[in-house]
Each structure stands twice: as structure tokens, then as C-alpha cells.
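A.B. asks: With the sequences and hints as input, model every part of the structure.
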Amino acid sequence: GAVVSQHPSRVICKSGTSVKIECRSLDFQATTMFWYRQFPKQSLMLMATSNEGSKATYEQGVEKDKFLINHASLTLSTLTVTSAHPEDSSFYICSARNDVYNQPQHFGDGTRLSIL
Amino acid sequence: AQSVTQLDSQVPVFEEAPVELRCNYSSSVSVYLFWYVQYPNQGLQLLLKYLSGSTLVKGINGFEAEFNKSQTSFHLRKPSVHISDTAEYFCAVGRDYKLSFGAGTTVTVRA
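Line by line, the protein sequences are chains W and U. Letter 18 of the first sequence, counting from 1, is numbered 18 in this note's numbering, and no numbers are missing. Letter 94 of the second sequence, counting from 1, is numbered 94 in this note's numbering, and no numbers are missing.
Keep in mind that the hints were calculated from the coordinates and are not lab data. Incorrect hints may have been included.
[What the hints assert, rightly or not] Under 7 Å between C-beta atoms, here's a sample of chain W residues computed to sit facing chain U:
1. Ser43
2. Leu44
3. Ile93
4. Gly108
5. Asp109
6. Gly110
Think of the CB as a built atom: it goes at the ideal place given N, C-alpha and C, for glycine as much as any other residue.
C.D. replies: Put into C-alpha cells, the structure is as follows:
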């Protein structure tokens, strides 16, 4: 149980395009979803926390207009990297939990984003 | 504020040997502690967690960890490793499940 699906697993696109990454909880309702960024050989850095139906809370230093997060339902959150540039290339990982049942975070398998 | 320090960035170990990964944390409030494993190009998988109660926590794949409040540590151990345990291991601390991760420890198991 507690499966989180992240799509796509890998995306390569040209500089200036926008890229959308989906994070779905398949067998539970995700009241809270988290978006992380991971650079090679480094730890995860929390970018933002989103609650269903509310605006996301961004961590310090993360550009809201650059990384658009939508948590429209209890099973889906999306991260859109707008006007992506090579420095946005990274491994993006989402996680989800159900606050009501006090679950730990369940992680997706990540998305490798490469901007040419 | 809370932070995590993983004292070893890389741990090479022979198959069937024991392994210990060290983790120290700091926090101004009581927190929950976690160990996660990450295989290449994958997300994180929860190995075990400490919320309260017994300080010795048993997790999946034969791993266990001991919470030591006085030393603010949460070291991860496995008595006998397999090749398949080769991965990146992250210690994390959190409250209300907003997690702060350590820098990670790369475990390489050799035959």
C-alpha cells in the first residue's frame, strides 16, 4: 500500500519550454504533498509543501513563479517548471502523506529533468 | 530549527559484514527520526522510523536503529549486508512530517 506515482520519469527539453511533472497517490488520499529537488550526490532539498485546495508554501529561496505547484485533488499534485533553463536541470522528487492518519511521507520515484 | 549530520559520506563494506551508519541531529523540540534508502534513479524508501517508545527500532531488510536522546544520535545498523544493500542512505528529522535530510551516506557492498 501507500504507492506514489510520479510522471514522467525522465524528460529532456529545450531551454525556454515549460515542463509539468505529475505526482499521484494511487491508493490513499494525500492531504499534503511535498516537492524536493536533488542535485547529483547531494541530499534532498525541500522546495514546497502543498495542501489540497490551498496555495503551496514555498521554502526560502524557491521562486514561486518559476516553480508552479497545483494540488487540485487529494490524489494529484503537479509541479510546472516554467521557462526552464539548463540550471533547472535536476532530479525532482515528490512525496505524499495523509495527515489524518498521521502517515509518514511516501516518495515517488523521481523525475530526471534535463534542459538543453 | 532542526538539522541532521551524517558523519560518513561513504562506507565501503564487504558482503556479510556488519555496517553502521552514523547520524546526529539537533532540534529545539522533540522530533521524529527516519532512515530512508535510495537506489539509483529512484525515490526514497522508508527503512524505519522512531516516533516514541522503545529506543531500538527495527525496520525492513534487516536494518535497525537506536535512538539516543542524550547523544542526539540515531545510528543505523545491519549485522550482515548483501550486495543488494548498495545504495544511498539518508537520515531525516522532522516534526509534523516536514523533513530535514542529512547529506547522505553511500554504502558500497563488495563481494
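A.B. asks: Hints first: check each against the structure and report whether it holds.
C.D. replies: Evaluation of the provided hints:
no., hint, in the structure
1, Ser43, "holds, 4 Å"
2, Leu44, "holds, 5 Å"
3, Ile93, "holds, 5 Å"
4, Gly108, "holds, 5 Å"
5, Asp109, "holds, 5 Å"
6, Gly110, "holds, 5 Å"
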